[in-house]
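Participant: In order, the protein sequence lines correspond to chains A and B.
If you count by the numbering used here, then the first sequence holds residues 1 to 547, one letter each, in order.
If you count by the numbering used here, then the second sequence holds residues 1 to 501, one letter each, in order.
It should be emphasised that the hints constitute simulated quantities derived from the structure, not laboratory data.
There may be inaccurate statements among the hints.
Taking lysine-lysine and the DSS-like style, the derived pairs with C-alpha atoms no more than 27 Å apart in a straight line are [unchecked claim]:
1. K207(B) - K237(B)
2. K341(B) - K533(A)
3. K527(A) - K341(B)
4. K397(A) - K422(A)
5. K397(A) - K341(B)
6. K389(B) - K341(B)
7. K387(B) - K419(B)
8. K207(B) - K485(B)
9. K389(B) - K237(B)
10. K528(A) - K387(B)
11. K237(B) - K419(B)
12. K387(B) - K476(B)
13. K341(B) - K419(B)
14. K485(B) - K533(A)
15. K387(B) - K341(B)
16. K422(A) - K387(B)
17. K397(A) - K502(A)
Rough simulated footprint, nothing fancy, chain A against chain B, three-plus residues with beta-carbon under 8 Å [to be verified]:
18. 314-327
19. 334-344
20. 359-369
None of the values given here were measured: they were computed from a predicted structure.
Glycine included, C-beta positions come from ideal geometry on N, C-alpha and C.
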Amino acid sequence: MNKIMGILMLLVFACIATNILSGGSFVIPFNLQNLMVRTSLFGIIGIGVAFVIITGGIDLSIGSMIGLIGCLMTLSLMKWELGIGATLLLVLVVSLALGALHGILITHARLQPFVVTLCGLLIYRGVARWITGDSTGGFGSDYNDSLRLLATGKPFSTATVLVVIGFAAFLFCCYKVRQQKKGGHDGRVLNWIVSAVISVSICLSGASRFTNLSESSVLNISQGTSVNITSKRDDTKLNIPKLDEEDFGKRPSQFMPEILLNYLGYFAIPVTSLLAFYFYQREQKSALLALGLLFGGALLTIFATRYVDGLFEAKQNIGLLAMGSVIIALGLLIAGVDRFLKGVYRTLPEQRGILFIACILTVCWLVSQTPICRTLIPAPMIFLAVIATAGAIFLNKTIYGRYLLALGNNESAARLSGINTKNMIILAYVICAFCTAIGGILFALDGNSIQPAGHGNFYELYAIAAAVLGGCSLRGGEGSIAGVVIGAAVMRVLYNSITLLKIPTSLEFAIIGVVIMIGVLADEFIKKLNATKRQQKEAERANLVDH
Amino acid sequence: MSQQNLILNVQNLTKRFPGVVALNNVQLQLYEGEFLSLIGENGAGKSTLMKILAGVQLQDEGTIEVFGQTVSMDSVKTSQSHGIALIHQELNLSENLSIAANIFLGREPSIAGFIDEATIEREASRFLNRVGLQVSPNTLAGDLSIGQQQLVEIAKALSIDARILIMDEPTSSLSAGESERLFEVIAELREQGVSIIYISHRLGEVKMLSDRVTVFRDGEYAGDLCGEQITHDAMVKHMVGRDISQYYAHIPNPVGDVILSVSQLRTLANPEHELSFQVRQGEIVGISGLVGAGRTELLDALFGATPAISGTIEIAGQPVSIHSPQDAIRLGMALVPEDRKGQGLVLQMSVKENTSLASLQTHAIAGIFRDAEREASDTEAMITRLKTKTPNADQTVGFLSGGNQQKVVLGKWLATNPKLLLLDEPTRGIDIGAKQEIYQLMEELASQGMAVLFVSSELEEIIGMSDRTIVMHEGKITGELPRNKLTEESIMHLATGGALS
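Build the full structure now, drawing on both the sequences and the hints.
Facilitator: Pasting the structure below:
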């Protein structure tokens, strides 16, 4: 968890900075939807290459394989007319076979991964250009309502996700309340009850957004041709009530403090609730007082921002109200800062669980109060979610995941422990090829214009960069799936910010290169700090035990 | 004894690490031409003191006088300029460079910016002569044996005009013959006026070589032993602060059925020799021989790490084929390899992750999911059973001491319930306390009917622990000695190629 904290902060920082600098055009649904599609696609291939990197290998052939997959798909669908099922099967079989071939060449023929996949990079690109006769292909509009929806569909909105998260959190909190009561930890029951209340509020605020979404969101599933039109339709059809987030986000004259105040207002409730947890932990009486106070203030804010909007002429007033509650919160924070800090540092694992849930809920709450909530979730995001979840379970919960990590760190120790290291390495390349296949199919469907010479160029490097940003060590034996996904998101947000901030596109590679370098350097720095601290501590403990 | 001039005088030296006092008010004296041994259990502070002397770390308190001059050892350069050279336990040669290049690494004499190869070669061969190494200075360091590499390290130390040579466990990876050679070189150096500080766990060597022995215990100075006082028992007593009367506690068990029967086995390393022998249940069989005699290769072949070329292996009377460690593990075998850090453990992983590594498959839920509870409980059981000193099961193995690391490796294999335990140098680089515990464990396992086959270069260990010893020489089994015929002479006779009389 700690490992991905740094990159997560970088992502949050990049998002907020881009949004503020672009005057709020980052959070408009059109932009976010596009961003999510790109993040998902690169995240998927990033996860694939992460497995290879964990074994200490590398896969340079991803981009060319994506090109080959794209070409195969256009040929198979448009020229050979094999049908959707056969086409997908063909692509999967070819990719998995190539992945297995990489693995076999690396383990049994003992070639270096770099060399094998470099040859792959050249060969697949050449084959792709040859089989298509170097002519650009596409799917026309034939599959717009069927196959292409895999990449272009937008099945549900963020609001739905919030409702689901809120509901899940509510159930979890109820379970925890019961568990704590059974265990006799009456003191902690309240925390979970508060969490449950917040969960419900998220559920409700998410649900309230459903009314804001016209049927267009449902129709959208079959409207993938031009995202631009879709977003326009969104704007016109949405009957925006109460708060004009869309409006305030887009207004160019908007200047920063106002936006900030608005966001701070959104933060007020969750932040104050969080504080309340801690005061309650420390000093029950004043905590109850604070709790009442904060909730009073917070409720006033939400009431003001959401329902009494008409009373206040402009946003400044809402900002003022928000600022007021923030000031209350800050005052309490300062008064209890010492206690608060101590509380954070000394929290029991149980309380850390609450903190974690509260953080997630806070983010959800924040999201529910912004235009982000009106964003539709693109279909590739679902692929990413499924692959990332499966990947994380595989890596962390199965014996094979452990084997991969072990052999990445010390292959001969793993082999002598009875692990079939060769098969495991082949498996890693097959997993990588599988992710590349899924990514490649989606890339092809999303783009709908496949140039055999250029489709997928450099993608392997983006995937590797995402993995490295996400904490994978090229030495092997280290990596987390969540980190890779966040790494991919950081890359795409950077790309996006270059467009939004009207930075000359000729600079894009340079900027991304520099930022990745800074990210990795910062990561190494943090790791080193942590490692020396931990080493000292552990050596100390080990020494103490030794004597 | 040649004790004339005090050339190194360390007084009241204290070194603290966060939360730990590594050295507490220790002293050390070294006279010109003297052979001083520094002994103590792991964690006694020997290495810390040596690092301070070599300028790698600075002391917190106390003084160091070299040739009568108080020196602040603030860098390795300072230390070297005062004639002190440290030879690390792990050799630091670049294997892809020649001997000459290694000796002058970082200090290459040059002509107009180009390396002066001729001078380097001439000077290098001069130093190689001094250490008695008869190879061309252009040989790649990687092509030398460990013993020869050690001599190159010494030559390197001489090339910086070292007057005080500190050697940290120089013989830990040398064969008996190579050790002999090293001792001769050391004797010659002493005649040339070089003083030696020698750190070793091998008390036999210490006794044989030392003029004086300084003992550290738990970061404190525990006393000096001179001349006649240097006996095995006295040293152990100073080191552990108590008598260890029963160093080796082996009581032969009644042996059971033949569990392992090897006939006409040919290993990849020594394909010209066929190896045949048997091991019975409850038996502890030692494999002795010089380094390079093919002992490790034999264990590797049995375990499938480097599968044998031909021959038959029978487990409990059944002929089996072992092509990989998985096969061997399935047949109830376990191998504790010689190279603990390189092959035994995944150093970056925790005690728990290492302990469970070999048994994950057996306990997997639905064949693929890790049984996290079982993993935790097995690890706890092993930590308790082996008395592993670790703060918790999530401790990174790399931070444990050698003895505790070895216990983690043993724990990993005991978790698989093996019938035949193969141990390769199980007590190398381990302090006396942990050694004793490992001997007790071997004893206990054998009494429960497990067969133990162990390779050791320490003759005392072979003689003390084995029911029967197989002696190898240059890839061939030259003889088997029953317990009552085990003596250093009889083993060395066979190990050097002599025939069984």
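Participant: All hints are to be evaluated individually against the structure, with a verdict given for each.
Facilitator: Cross-check of the supplied hints:
1. As the CA atoms of K207(B) and K237(B) are separated by approximately 14 Å, the hinted pair is consistent with the 27 Å bound.
2. Of the pairs offered as hints, the one joining K341(B) and K533(A) holds, with about 23 Å between alpha carbons and a cut-off of 27 Å not exceeded.
3. With a CA separation close to 23 Å, the supplied pair K527(A) and K341(B) stays within the 27 Å bound.
4. For the suggested pair K397(A) and K422(A), the alpha carbons sit about 21 Å apart, so the restraint of at most 27 Å is met.
5. Under the criterion of a C-alpha separation no larger than 27 Å, the hint pairing K397(A) with K341(B) is consistent with the structure, at around 26 Å.
6. Taking the CA atoms of K389(B) and K341(B), the gap is about 18 Å. The hint holds against a cut of 27 Å.
7. At roughly 22 Å between alpha-carbon atoms, K387(B) and K419(B) fall within 27 Å of each other, so this suggested pair holds.
8. For a cut-off of 27 Å, the pair hint linking K207(B) to K485(B) stands: about 25 Å separates their Cα positions.
9. Taken as a hint, the K389(B) and K237(B) pair is honoured in the structure, with Cα atoms around 22 Å apart against an allowance of 27 Å.
10. Taking the CA atoms of K528(A) and K387(B), the gap is about 32 Å. The hint is violated against a cut of 27 Å.
11. Proximity of K237(B) to K419(B) is assessed by CA-CA distance (about 36 Å); at most 27 Å being required, the pair is judged violated.
12. For the given pair, K387(B) sits about 38 Å from K476(B) by alpha-carbon distance, which is inconsistent with the 27 Å threshold.
13. Restraint check: the Cα-Cα separation between K341(B) and K419(B) comes to about 24 Å, which is no more than 27 Å; the hinted pair holds.
14. The hinted pair formed by K485(B) and K533(A) fails the criterion: a straight-line CA distance of about 54 Å is larger than 27 Å.
15. Simply put, K387(B) and K341(B) have alpha-carbon atoms about 20 Å apart, close enough for the 27 Å limit, and the pair holds.
16. At most 27 Å may separate the alpha-carbon atoms for a hinted pair to count; K422(A) and K387(B) exceed this at roughly 35 Å.
17. Our distance criterion of 27 Å between C-alpha atoms is broken by K397(A) and K502(A), whose separation comes to about 44 Å.
18. With a cut-off of 8 Å between beta carbons, the segment 314-327 of chain B has 3 residues touching chain A; three or more are needed, and the interface restraint holds.
19. Counting residues of the segment 334-344 of chain B whose C-beta lies closer than 8 Å to any C-beta of chain A gives 5; at least three are required, and the coverage claim holds.
20. Beta-carbon proximity to chain A at under 8 Å applies to 5 residues in the segment 359-369 of chain B; the threshold of 3 is reached and the given coverage holds.
The structure fails to meet hints 10, 11, 12, 14, 16, 17 from the earlier list, while all remaining hints are met.
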